[in-house]
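Trainee: The lines below spell out each chain.
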Amino acid sequence: MLWLWIALGVVAILLVLVGIGYNRLVRMRNEAATGWANIDVQLERRGDLIPNLVETVKGYAAHERGVFDEVTRARTALQQASTPAAAGEANDVLTAALGRLFAVAEAYPELRASENFFRLQDELTDTEDKISAARRYYNSTVMHYNTGIQSLPWMLVARPLGFREKEFFSAEGDTATPQVSFTPAT
Amino acid sequence: MTLQQQIRRNRLRSGIVVVGFVLLLGIVAGLIGAVFDLSLGVVALLGAGLYAIFSIISSRRIVARMTGAQELGPDQLRPLRRLVENVSIAAGLPVTPEVRIVDDPAPNAFAAGLRPQTSYLGVTTGLLRVMPKRELEAVLGHEITHVRNRDTYLMTMATIFAGVIALVADIGFRMLLYGGGRSRKGGAIVIVLAVVGLLLAPYAALLLKLSLSRRREFLADAGSAEILNDPEAMALALRRLELDTTTVAYADASVAHLWVESPTSRVESERRGVLALSSLFDTHPPLVQRIAALEESGGFRLPEQLPPHEPFAVELGLL
Chain C
201 MLWLWIALGV VAILLVLVGI GYNRLVRMRN EAATGWANID VQLERRGDLI PNLVETVKGY
261 AAHERGVFDE VTRARTALQQ ASTPAAAGEA NDVLTAALGR LFAVAEAYPE LRASENFFRL
321 QDELTDTEDK ISAARRYYNS TVMHYNTGIQ SLPWMLVARP LGFREKEFFS AEGDTATPQV
381 SFTPAT
Chain E
1449 MTLQQQIRRN RLRSGIVVVG FVLLLGIVAG LIGAVFDLSL GVVALLGAGL YAIFSIISSR
1509 RIVARMTGAQ ELGPDQLRPL RRLVENVSIA AGLPVTPEVR IVDDPAPNAF AAGLRPQTSY
1569 LGVTTGLLRV MPKRELEAVL GHEITHVRNR DTYLMTMATI FAGVIALVAD IGFRMLLYGG
1629 GRSRKGGAIV IVLAVVGLLL APYAALLLKL SLSRRREFLA DAGSAEILND PEAMALALRR
1689 LELDTTTVAY ADASVAHLWV ESPTSRVESE RRGVLALSSL FDTHPPLVQR IAALEESGGF
1749 RLPEQLPPHE PFAVELGLL
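Just so you know, the sequences run in chain order C and E. The number in the numbering used here is simply the position in the first sequence, starting from 1, with 200 added. The number in the numbering used here is simply the position in the second sequence, starting from 1, with 1448 added.
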């Protein structure tokens, strides 16, 4: 009889511990999800700016086809990316393509002087900064979460309860921000 | 320690502070009740409670008035607001705090507000003129960490309660001194006890408050370093604050009155629950300690000479 009670007590304590751990993991997973939502908002904003930018540049440099196609392709790839890692990669590709677009734009003084172009450039720099800020937060929450489900004792229950590791937003982790080098026309 | 633990711990501390202050208030009211009349003690208690509630409700406006923080128009200082946006995104705040400007040559910044949703940051024009972008970002990170960790809430509560206790104790003490013998009751021992108690209560409240505020600053420095992934920037900013006090104090002796005033107003505002970044302004060692803590955790050493820089005010068009 005594043993039964002890066994019941142990089971109850274990259940409580699992409950606490479960809540902790859920909280960390939600934080990571919020972090991802923050990035997603900025990626979307960036994607929305691009058609406008391409149109503006086209107005001055219509024959630079290759660059426009490249940017548009990179944008589509980013919008279709389904995982954080893929999105991170697509975002880097887009950054590189935009860099080339702006390099091309350098050759057109009228374009650089255009108010619209200046505004778009400014907005894009801003989204770029915000993406890297959101990425820092997201990656730190993912790191927390992954560490949480990989360390004892939670790793014993994390998998059966359906907690899976999350991907970081960029493959190389949190290295220096890929900066588009906008040289403002001074 | 994770952020969530940090926040919960702060909530718990806030709870302890509130309980501590309520106890203290009870003692003060009890003393008043014992010396004069029980009903007077109840009146003191009720008055103090009402005053505290009123202060909590209007704390946001009071802080704004005392610091002279000006709201910005929708098109003013957009680069600064963008910077705040970026830092709060990196901190994972749900809402970007509003930015307000304090027209003051001394470099400083504060965070105020009870909840993250209603919080705002105050930045002096002096700070914008002194700090380059990278370090300004670190300072904003420091303040945003205060908002995120609910330090602003904790300190506002502590400040209000400390103020209420000081007020009630002061009134009680004056009544004891000038109230005349007729209204008093109780023996000599009770009166001595009341005098000592009423004299000490404000200091007890102040101590309770100070016990909270010291470590918060270290935590906020660490938070900023983590958010921006750049502990050196925070250390550089602190060093610049440190250096700035000396240069300003000696450069313009003719406007010394301004400088005598602004440090005291800084101390004032800190006492009233504004988390001043350089709250340890005139006491150098703590600033040095904070830099040392950052150097240790970040594994770097600040150079003797600060790197040349362009203040952020240039980008804002203020200079």
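Quick caveat, the hints were computed from the structure, so don't treat them as lab data. Backbone N, C-alpha and C fix where the C-beta goes; we use that ideal spot for every residue, glycine too. Heads up, some of the hints might be wrong.
What the hints assert, rightly or not - One side of the interface only, derived from the structure: several residues of chain C facing chain E at Cβ under 8 Å:
1. Thr234
2. Gly235
3. Asn238
4. Asp240
5. Arg273
6. Asp329
7. Lys330
8. Ala333
9. Ala334
10. Tyr337
Trainee: Now tell me, hint by hint, if it's right for this structure.
Mentor: Hint check results:
1. At about 7 Å, the closest approach between the beta carbon of C/Thr234 and any beta carbon in chain E falls short of 8 Å, and the interface hint on this residue holds.
2. At about 6 Å, the closest approach between the beta carbon of C/Gly235 and any beta carbon in chain E falls short of 8 Å, and the interface hint on this residue holds.
3. The beta carbon of C/Asn238 is positioned within 8 Å of a beta carbon in chain E (closest approach about 6 Å), and the interface hint is therefore held.
4. For C/Asp240, the shortest C-beta to C-beta distance to chain E is roughly 12 Å, which exceeds 8 Å, and the interface hint is violated.
5. Taking 8 Å as the C-beta contact cut-off toward chain E, the hint placing C/Arg273 at the interface is violated, the least distance being around 28 Å.
6. The closest approach between the C-beta of C/Asp329 and any C-beta of chain E is roughly 5 Å, which is under the 8 Å cut-off, so the hint is satisfied.
7. At about 6 Å, the closest approach between the beta carbon of C/Lys330 and any beta carbon in chain E falls short of 8 Å, and the interface hint on this residue holds.
8. Interface restraint check for C/Ala333: the shortest CB-CB distance to chain E comes to about 4 Å, inside 8 Å, so the restraint holds.
9. Because the closest C-beta pair between C/Ala334 and chain E is about 5 Å apart, less than 8 Å, the hint holds.
10. Nearest Cβ of chain E to the Cβ of C/Tyr337: about 4 Å, under the 8 Å cut. The hint holds.
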